[in-house]
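K.L.:
Please put together the full structure from these sequences, using the hints given.
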Amino acid sequence: MRVLIAGTGSGCGKTTASLVVMAALREAGLSVAPYKAGPDYIDPGFHRAVCGVPSHNLDAFLMREDAMRYLLQSGADIAVIEGVMGFYDGLDARTLEGSTWALAGATRTPVILVADASGGAASVAAQVHGFATLVRDSHIAGVLVNRVSGERHYALVREAVAHYTGLPCVGYLKKDVRLDLKSRHLGLVPAQEVPDVAARVAEAARDAADTLDIPALLAIAQTAPALCVEGRDDPRSPQCLMRPERPPYAGFRLGVAMDEAFSFYYQANLDLLRAQGMELVPFSPLRDGALPEGLDALYIGGGFPEVFARQLEENRPMRAGIRLSLERGMRCYAECGGLMYLSQEIDGREMVGFLPARCRMTERLQRFGYVRVEDRTGLVFPAHEFHHAVAQPVGEAAYAYRVTKASDPARTWRCGFERGGTLAAFAHLHFLSHPELIGRLFA
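If you use my numbering, the sequence shown corresponds to residues 1 to 443, in order.
One should not assume that every hint holds.
[Stated by the list, open to error] What follows is a set of in silico ranges between Cβ atoms, one per label pair, in the way DEER data are often shown:
(1) G150 x P235: 49 to 59 Å
(2) E293 x G439: 19 to 29 Å
(3) E203 x R360: 52 to 62 Å
(4) A216 x V135: 56 to 66 Å
(5) R108 x P292: 41 to 51 Å
No wet-lab data here; the hints were simulated from the structure. We treat Cβ as the ideally placed atom computed from N, Cα and C, and that holds for glycine.
P.N.:
So, in structure tokens, the structure goes:
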């Protein structure tokens, strides 16, 4: 079984609805495999806190369809996919490429549309009707009504939706069902900084026990057809990559920065590195005094180094140890926040000082969206950027990337600071559909 929970737009409550539905399904005794549409790192952290298992991203731009189908083979009772932005929003308003709608089609997943009913009844049905009829096959199979004042209000909305669209409603959430999750410049504050998030969601799910129609939602989820995963003889297929006969990196120890400052990693990337034989050794640039012993390379992902810049600056032994290791030639791949940490400084706070760049934060987003990257070695691959930082070169800087904005190919820029065995860039990469990146970055 699987179902995709989509929204009419950002702010309609789909994250709250998704978390509450996941918790309610677990309360009903089902195992839940959570997923997030698109490149978001923060929502999967909340999924994991609620479901007790890692959440995978499903992204039709970054990933091949066979990779997404493979990841959906979870073995759980039900897979719940949280959408991104508005249901039809993506790279192109005409083709709908990169949208949640496109993901629903690629994975053949029925959709529950979250509709905000604040101040409306029949008007909610008009909105649902528009979403259901915009394209020939919307994949919408039901509606979850959000921000409802009470049973009578829901009955009016349900009757109107059924009359004008023929779609069933699978329950509602009251106006006061809010998780009060705080935000910062890149979205929600990550789940690891909200220690009581699971308890909050569980309480909201209990409050919604009488307003969600779980049997109706499960009936829709049961209509999802089985997905065929092919390519077992293709060495680039997800099956072969995740279950190689001879892992090529057996014995390779990869240090991975893991703490509140660095937590942006695609779960599939970590799983693939392990499957390829690497031992992932976590360390904290915030709290540890030194790198773990015997590392072959480093992986420093994105996150919020700017929020924890003072603590990172104060951990001088770690900064000095990383710089010395990189100067001695240790391989390192640093992504977005990792790039910032390896730079000279962030807004005047001293960082590792290995890269010839100074970083500063800005009020507005500098880059946001999908890109295509051409590497100096000839590799071409998709990526995603989302950051408020700029990296200003100090002296001579060597760049490995030529980056093109996917929605506007006329816009190009250079990125990918390269020094010694280190490559650091703002672009976020997904390895499962492009496994050649592993050798390029770490070996």
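K.L.:
Tell me, in ascending order, the numbers of any earlier hints that this structure violates.
P.N.:
Checked against the structure, the hints that fail are numbers 3 and 4, while the rest are satisfied.
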